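Asks: This is what each chain is made of:
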Amino acid sequence: MLGFPPVRSPREPRLEPRLRGRLRALADRRRARAVQLPVVDSFLWVVRIAAVVLIAIGAFNSITSGRLDSQQWRDLIVFGVAQGSVYALIALGYTMVYGVLRFINFAHGEVFMIGAITGYFVSDRLARTALWDAQPFVALFLVLVCCMTVSALVALTLERVAYRPLRGAPRLIPFITAIGASFFLQYAVAGLFGVDVKEYPDVKVLNGTLTFLGFRILKVHLLVIVAALVMMIGLQVFVERSRTGRAMRAVAEDQEMARLMGVDVDRTIALVFGIGGAMAGAAGLLFGLVFRNVFFLTGFLPGIKAFTAAVLGGIGNMVGAVLGGLTIGSVESLGPSLVLSGLDIPAAHQLKDVVAFLALVLILIFRPTGILGERVADERGEVAVARRRSAPPAAREGELLPAREVDLGRALRLGLLAGLAAVFVSAIGMVQRFSEREIVGEVSLGTLLLVAIPLVLGYAGGRAPPQIEGFAAARPGRRNLTAGLLVGLGSGAVMTVFVLLIDNFDVRDVFVNISPDLVADENGPQLLTFGNQLPVGILVVLALNLAAGMAAGALHLLPDRWRKAVLAGAIAAAGFGLLQSLIHQLLRGIQEELNVLTAPLIRFLYQSSGALSWQGAAAVGLAGFGIYAVRTRPDRTPFQARLERLPRRRQRVVSLAILAVVALVLGELPQILGPFYSEVLNIAGIFLVMALGLNIVVGFAGMLDLGYVAFFAVGAYTTALITSPTSSLGVGWNFWVAVPFVVLAAAAAGLLVGTPVLRMRGDYLAIVTLGFGEIARLLFLSDWLKPTFGGAQGVTRVPDIVIGPIDVKGPQAFLYVLFALVLLAAYVSYALQDSRIGRAWMAMREDEAVAEAMGVNIVAAKLSAFIMGAILAGLGGALFATKIGSVFPQSFDVVVSITVLVVIIVGGMASVRGVVLGALVLVGLPELLREFEEYRFLLYGALLIFMMLSRPEGFIPSKRRAQELHEEELEQDAWLGAGAPAPTGSGS
Amino acid sequence: MALLEIKELTKDFGGVRAISELDLVVGEAEIVSVIGPNGAGKTTLFNLITGMLPVDRGDIVFDGRSIAGLRPSQILELGVARTFQTVRLFPEMTVRENVMVARHCRTKSGILKAILRLPSFRREEAETRRRAEEALAFFGSRLVGYRTDMPANSLSYANRRRLEIARAVASGPKVILLDEPTAGMNPRETQELGRLIGELRDQMGVTILLIEHDMPTVKGASERVVVLDHGQKIAEGSYDEVATNEQVIEAYLGRKAGSLR
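The listed protein sequences derive, respectively, from chains A and B.
Going by my numbering, the first sequence wraps up at 988, each residue one higher than the last.
Going by my numbering, the second sequence wraps up at 261, each residue one higher than the last.
Fair warning: there could be bad hints in the mix.
[To be verified] To be clear about the criterion: a stretch of chain B counts as covered by chain A if any three or more of its residues have a C-beta under 8 Å from a C-beta of chain A, and this derived list gives those stretches:
hint, segment
1, 83–96
2, 205–215
[Stated by the list, open to error] Short derived list, chain B residues pointing at chain A, Cβ under 10 Å:
hint, residue
3, V61
4, R65
5, T107
6, S109
7, T128
8, R130
9, R131
10, S156
11, N159
12, A168
13, M185
14, P187
It is worth saying that the hints were derived from the structure and are not from the lab.
Remember, predicted model here, so these are calculated numbers, not experimental data.
Note that CB positions come from ideal geometry on N, CA and C, so glycine has one too.
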């Protein structure tokens with residue numbers, strides 16, 4: 001068992017006059033409880049009783065109605081058990097990892113999905129051989145081994161790359177990383193193997209049924225149940241009996257102590273991930289055999305359900321996970337027919353997933369400890385999200401050693417990484433897709449991407465290893481060049497191998513996106529070799545990679561300020577190239593609207609193809625370089641300081657002037673942008689409103705809400721119901737009448753979601769809110785509530801907003817309304833940040849128990865944060881509804897919540913400026929460039945992982961956090977800049 | 001007059017009885033030290049008084065009303081503030097904000113007022129700032145000046161302890177519970193803090209309950225000493241009385257070999 005045994009005291013409790021004492025204790029405890037959270041507790045009791053009553057009534061009705069005969073009931077039970085066995089196998093992975101690391105591996109569902117996909121490919125190939133029909137069980141065993149191996153490898157890689165560096169970081173940092181990994185894996189699989197549904201081949205021996213003790217069992221179900229049982233028993237014996245199993249249990253109890261006792265902790269933890277992964281891989285195959293169809297999103301729902309199973313069984317407890325899996329499987333299979341049909345809910349099977357999510361939510365609310373007691377509510381403020389930088393992990397200790405001339409290992413590792421990245425972007429079709437757009441001259445975005453990879457990693461490789469405790473770096477010199485060169489060499493070599501491989505073998509029926517265009521014969525574009533024939537092409541690949549790596553390494557030879565200026569120039573040029581059509585339109589719009597002649601500038605910067613011309617690129621690059629250099633000149637006084645030096649009167653004049661210019665620009669912007677770009681900005685703007693709202697919940701108050709989209713949906717549906725003449729309400733009122741209802745409905749939803757999660761710890765809160773979000777979407781979609789919400793057809797004919805005589809029609813007019821809401825949301829964020837309630841939120845985020853002890857009513861603070869966030873999202877939803885003119889449940893997928901989360905994490909949590917920029921770049925850019933759209937979630941996932949690993953504070957952190965997080969670095973810079981002599985031991 | 005009265009207080013953790021039938025009376029403007037070996041239940045006592053742990057049995061009466069079963073925030077509002085054994089600040093909030101949080105229960109303005117920035121909100125905010133700065137100024141120049149706007153985790157260890165006390169003071173308490181305020185301080189700082197504890201009482205008239213391991217500080221600051229062992233009060237009185245008490249010596253040093261029955 002990996003469970004935490006309760007701490008037993010060495011001292012036995014003293015005996016005392018028993019009965020009276022106990023009664024008194026009971027009475028006292030009752031009183032203590034009752035005053036703690038009276039309203040919340042009674043609310044939860046009402047929910048509890050209602051749930052029990054509804055289940056009882058439903059079950060009674062269904063059983064007495066005789067809608068299903070006893071054979072059908074038995075079938076449902078068998079199906080539930082088979083499905084539950086799959087969940088149980090997945091749940092083992094969650095529970096083992098949790099037992100050892102107290103960490104919810106959110107990406108575990110994807111490990112399972114990869115097992116299922118592997119199973120498809122292997123069995124599909126085997127099905128063409130004679131073995132498949134001759135020796136079906138041998139064949140299946142081979143497939144099983146492959147699935148388990150691949151899934152275990154994926155899990156191991158995940159642990160090594162994404163989780164190990166974060167060990168010991170605040171709980172939510174690895175959790176957010178896992179969310180990122182989950183998205184990354186999903187869309188990586190989609191990119192590599194295609195998005196289509198893959199159908200497992202037929203296994204003849206598994207067709208048909210057996211009858212066993214009066215139960216009719218499909219043979220495939222029997223196989224699943226038996227296989228799962230064998231593996232689970234094997235695992236249990238392994239953990240209980242083997243030496244390695246003992247090591248695992250020791251690590252679960254106390255990592256430090258296990259280390260001291262000679263257990264290799266890293267290896268043991270890796271093993272746990274590996275075994276969990278293997279189990280998930282097996283589950284993937286079994287799932288595939290039962291359901292036949294798998295695709296890249298297959299992992300999401302079973303993942304969540306298996307997690308529910310693990311929690312139900314008491315997370316950390318392996319036997320519990322198995323029991324939990326069986327229970328969830330049965331509940332899901334029986335629940336709709338047994339309970340929901342009995343309650344006269346039509347099309348109950350549609351609500352299968354709602355039942356599972358509801359089970360998750362209810363379990364976490366009422367029995368969070370499962371069978372064994374792992375506490376879910378935690379006193380300490382672990383809720384403090386991704387806020388503290390993790391202590392440097394022990395793995396970096398090597399870097400404390402005096403720097404060698406060139407850190408060979410590191411450079412080669414980065415080179416390998418660069419090569420793999422290049423191979424990956426080629427294999428998912430990114431290069432090919434990107435090469436359709438020319439950026440500078442004839443150079444396409446695809447080419448740029450291939451060159452950019454060794455450039456970026458060469459830059460990272462050329463950088464001196466991080467300096468610790470003021471040990472001075474060796475002076476820049478040959479070593480930076482060499483390191484960059486090595487990175488280039490590594491990536492070039494990997495790419496060469498890849499090019500040779502796909503030139504000689506056709507892998508397209510597995511890797512659907514590796515097209516002949518990549519290396520092609522005579523007539524193809526030969527993207528990877530930059531348009532060259534093969535033997536020469538290889539040389540070109542190598543040369544370009546080497547050159548890029550070296551050039552990037554060489555940048556470090558420049559003094560700091562000039563190096564950054566060069567980067568600024570390069571980024572400016574890249575930006576102008578990437579945003580070619582936007583800038584085009586901006587300049588044209590300026591000419592048309594403001595009568596400033598910009599046509600010559602357009603002709604100078606851009607070619608007729610739309611790409612940046614070479615002279616344009618040079619000019620923009622120079623401008624970027626120059627502006628950066630001027631802005632950072634040492635004797636420059638910042639604008640703020642200069643403004644403050646002016647007399648009061650003048651200050652006010654300058655401020656007013658700035659405000660006037662901003663207002664003017666905002667006023668003209670929609671006209672200058674034109675309808676298409678206004679629309680792009682509208683979408684980004686709506687996400688921005690949501691992000692500002694979520695920032696209150698996550699950034700200020702520190703509660704990770706993954707179901708945030710539900711509030712957005714509530715706002716949109718409320719608006720649609722009230723304003724649309726064809727909705728179920730059919731009143732067709734004005735938008736402005738709907739606004740107060742939107743606010744009320746959103747606030748009520750915030751209260752509804754916020755109340756049950758009051759006592760929950762960060763990662764559990766995240767998963768429960770995720771459950772709430774999905775429940776909301778599934779309910780809006782269901783036939784049951786179709787009379788109200790219109791089911792999949794949604795609510796249409798939502799009218800435009802009308803302001804006095806003006807009808808807000810079209811994206812440009814809408815942009816003005818949106819500006820107003822964004823400004824309002826930003827103002828509210830700023831105002832709250834610096835107020836009594838804002839401080840209470842932040843205090844709660846930092847340390848919940850202490851905040852309470854310092855007089856902050858945590859219940860009120862949590863609920864008010866939830867409500868504020870919900871209202872902002874609701875208003876965003878209201879605008880969304882009028883913009884689209886209709887509301888469909890498909891718009892409120894969980895990916896919306898994740899997108900908003902990515903925006904605030906990448907932008908910089910709790911920083912309003914960061915959130916604004918994050919929304920524009922992360923949401924606006926994919927809308928602007930369709931080629932990004934396809935890879936959007938892949939990029940989001942990668943960004944989440946990257947941010948958590950390297951900059952948990954975000955790109956534009958709130959000022960104070962920037963100060964704190966990089967203070968040491970600044971101090972060091974100052975110290976080094978002052979020309980302090982290098983202490984001994986620096987090596988050169 | 002008794003400000004804080006603890007009656008037959010009992011607390012169990014699983015099978016361990018952390019506090020056992022404890023009675024304690026603390027008068028107004030008194031300085032009382034609670035000492036005892038590790039695991040004697042001192043911090044548990046503080047957690048019970050401030051509502052951070054639920055009371056199993058017995059009662060805690062503060063200022064004439066029972067506070068057992070109230071939320072920690074309600075207890076603070078009534079006038080019981082505390083510091084923590086391991087410093088627990090709000091690390092990413094500024095020094096000033098840390099102290100301003102403690103004014104939460106003495107102020108009222110909610111979300112709407114904050115958004116509308118009404119004059120009453122501004123007044124209250126200004127008052128909160130003033131009070132916070134006053135509390136910080138108690139430690140002379142240690143926490144004021146450029147440090148006021150630095151994040152709390154940029155402070156030195158001793159200053160963090162001071163900030164925690166300032167935070168408790170800012171809440172306008174009648175009783176302050178100090179949990180090992182001098183832990184980790186050097187002798188000079190310890191001495192200074194001992195003096196400040198006296199000043200705190202003299203200037204503001206607050207009652208102080210002090211957990212402390214540094215005996216000179218206990219001797220210098222406190223008027224009465226209570227000794228806990230295994231959750232029970234084994235002695236009470238002036239420092240000198242307690243220091244010579246057989247049972248106390250036994251609790252700290254173990255039983256003399258000869259006294260074994």
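Asks: Does each hint hold? Answer for all of them.
Replies: Hint-by-hint comparison with the structure:
1. 83–96: holds (count 8)
2. 205–215: The restraint on the segment 205–215 of chain B is violated, since only 0 of its residues have a Cβ under 8 Å from chain A and three are required.
3. V61: Since the shortest Cβ distance to chain A is 14 Å, the answer is violated.
4. R65: violated (13 Å)
5. T107: holds (5 Å)
6. S109: holds (6 Å)
7. T128: holds (7 Å)
8. R130: violated (14 Å)
9. R131: violated (13 Å)
10. S156: Constraint on B:S156 not satisfied, violated at 14 Å.
11. N159: With Cβ-Cβ at 15 Å, over 10 Å, it is violated.
12. A168: This interface hint holds because 8 Å falls under the 10 Å limit.
13. M185: violated (21 Å)
14. P187: violated (28 Å)
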